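Undergrad: The task is simple: from the sequences and hints, build the whole structure.
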Amino acid sequence: MWKLLQIELFKIFKRPRTYIPFGAIAAIILIIQLGLKFDGQSYLEMGMSSVADTFNIPYPLVMNGYLVAFVILNTLLIQIPLLVALVAGDMVAGEANMGTLRLLVTRPVSRTQLMLVKYGASVFYTILLLIWMALLALFLSMWIFGTNDLIIARDTVIEHIRKTDVMWRYIAAFGYAMVALSTVAALAFLLSVFAENSIGPIVATISIVVVLTILSEMRIPLYDNTVKPWLFTSHMLAWKGFFYSQSNGQGDTIAGSIENLPSILRSLSILLAYIAAFVTAAIWAFQKKDILS
Amino acid sequence: MSSVIRVTGLTKRFSALKAVDGLSFSVEQADIYGFLGQNGAGKSTTIRMLLTLIEPTDGQIEIFGMDLRTHRREILRKVGAVIERPDLYKYLTAYENLSLFARISGIRPSSRILMQQLEQVGLAERAHSKVKTFSQGMKQRLGIAVALVHNPDLVVLDEPTNGLDPQGIADIRNLILHLSAHEKKTLLVSSHLLSEMELIANRMLIIDKGRKIVEGKASELFDPAQTLVELDTPEGTLAEEVLRRSPWQEHLQSRRDGKLLLKMDKTRIASFVRDLVQQGVPVAAIQPRHSLEDYFLSLTTANQHVEAFTDRAV
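If you read the protein sequences in the order shown, they are chains P and G.
End of the first sequence sits at 309 in my numbering; the numbers just go up one at a time, nothing left out.
End of the second sequence sits at 343 in my numbering; the numbers just go up one at a time, nothing left out.
Think of the hints as simulated: they come from the structure by calculation, not from any bench.
Since the model is a prediction, treat every value here as computed from it, not as a measurement.
Just so you know, even glycine gets a beta-carbon here, dropped at the ideal spot from N, CA and C.
A portion of the hints provided could be inaccurate.
Stated by the list, open to error - The calculated label-pair distances, taken between Cβ atoms and stated as ranges, are:
id, chain 1, residue 1, chain 2, residue 2, range
1, P, 42, G, 157, 23 to 33 angstroms
2, P, 43, G, 87, 25 to 35 angstroms
3, G, 211, P, 43, 54 to 64 angstroms
TA: Right under this line is the structure:
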């Protein structure tokens, strides 16, 4: 399996277009960092206007590498699924389009093995994208803006996390984002089995994610307790929960605490269930598929 | 002699279409087995079933004495194939493609062996060029190198000369003969070119509409003394009437586009032309026909056309 995975990764990283998402992420992050470096206070005043009357906000201290990373994650983790779909949607359909799928299937490798390896390669690519994003969004921001306590506005509440209590939360958030993006990769991968070129599954994945995200964000009582809890898009942003902590009687944040860990774990298990379902369906469909390309 | 491939009652349906219909045949060890049929006859569908790309609707496939359904991986370890177009990873070099498919097949040949294999198909000098820069012929040769990279006992080549120039066709033909004669490989080669198969195959199967038309040794299928000839005359109707009244009627096969097709001994062509001319039929040309289509006609529709001639005469 490892040998086959190496081969898949070799193929992925030999294609120039593989590097486009890395370039896109770097460009967006640098643009955000540049904007915040020179006009960060205006951004903070606008973002914290709901709590500005209640709290005296020390803007220069608030604007630090941890906050910039949080801002970037908020922006990018909604867009990155589209980049992940570019690679995962191409995994099977791209091979069918090139005509290489029939060569692969006539080799002494089981179709299940082939699919697991291809999905594994998609996940590996997703992880690399996230590591790249972490390097730029977190570590580069820490270097440019320095570090301090993380203060974020949440509705009418301020979350104040000590700087010694921040890093593990980012590690957990990136770990969660990895699962969330792997869910999108699994969806694109499943759709890829049914297509003969990669445009279809990529566009279909993006469309599904957009439609379900809109549905997840809408406030319609009928859907709130029936449909929304089961949509994977409703759980993709649960990484934010790692930055919501418990507080003691005096209103101080309890270090190392998470406000609602069971909710995060529930979201995580729903995403994992989706991954299992999508990948199983993809393997099943591929087993039955007549390779006519 | 043991069968390398034994196919029994193989059938494939695509909705209402029966692409392959109860096909049975066997390929023996060291055969160059010509698998012939016109475009759409079911050759590629059959080959895809042999290579597990398509699930048969019915029938059984045994390769190396093992059931393909239950011993798929074991069988595919000993099979190499080029299926229709030789599509490879265009963004990789010839060497990288070869190395990659060797590893997927479970082997890791040395750089020297890979270069030798590229040398065998005449691509050593372009080993490190990307496949997207290759001509159709070079891709075809690389496809064959990929099919052979794991040293398979059975090689399946689906239309290997498609899109090649005459020199490319000759190269592929020589390679096939070399693989059979010197490396003792069994080859199943599909084509719609009868003349090409005649030059290389020792046994042949001809199919049409997914069904077997004829199978056997090439030497038995074709009587070298008999040939199909096409009579080109500006007086087609007159020629038909003359022939109808003459002993040549039994040689008539069909009439297409004003041209008459006859099957006869080569030695009798001269007297045939003389008879026609003596009876006032101008002969513009007479030429041998040797296409698969003509062979089909001689096998399957000869009687039907002769009856049609007779009916029209009556």
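Undergrad: Determine for every hint whether it applies to the structure shown.
TA: So, going through the hints one by one against the coordinates:
Restraint check, residue 42(P) to residue 157(G): a C-beta distance of roughly 31 angstroms satisfies the suggested window 23 to 33 angstroms. Judged by the Cβ atoms, the range 25 to 35 angstroms given for residue 43(P) and residue 87(G) is violated: they are separated by roughly 57 angstroms. As the Cβ distance of residue 211(G) to residue 43(P) is approximately 58 angstroms, the hint placing it in 54 to 64 angstroms holds.
Hint 2 from the list above is the single one not met by this structure.
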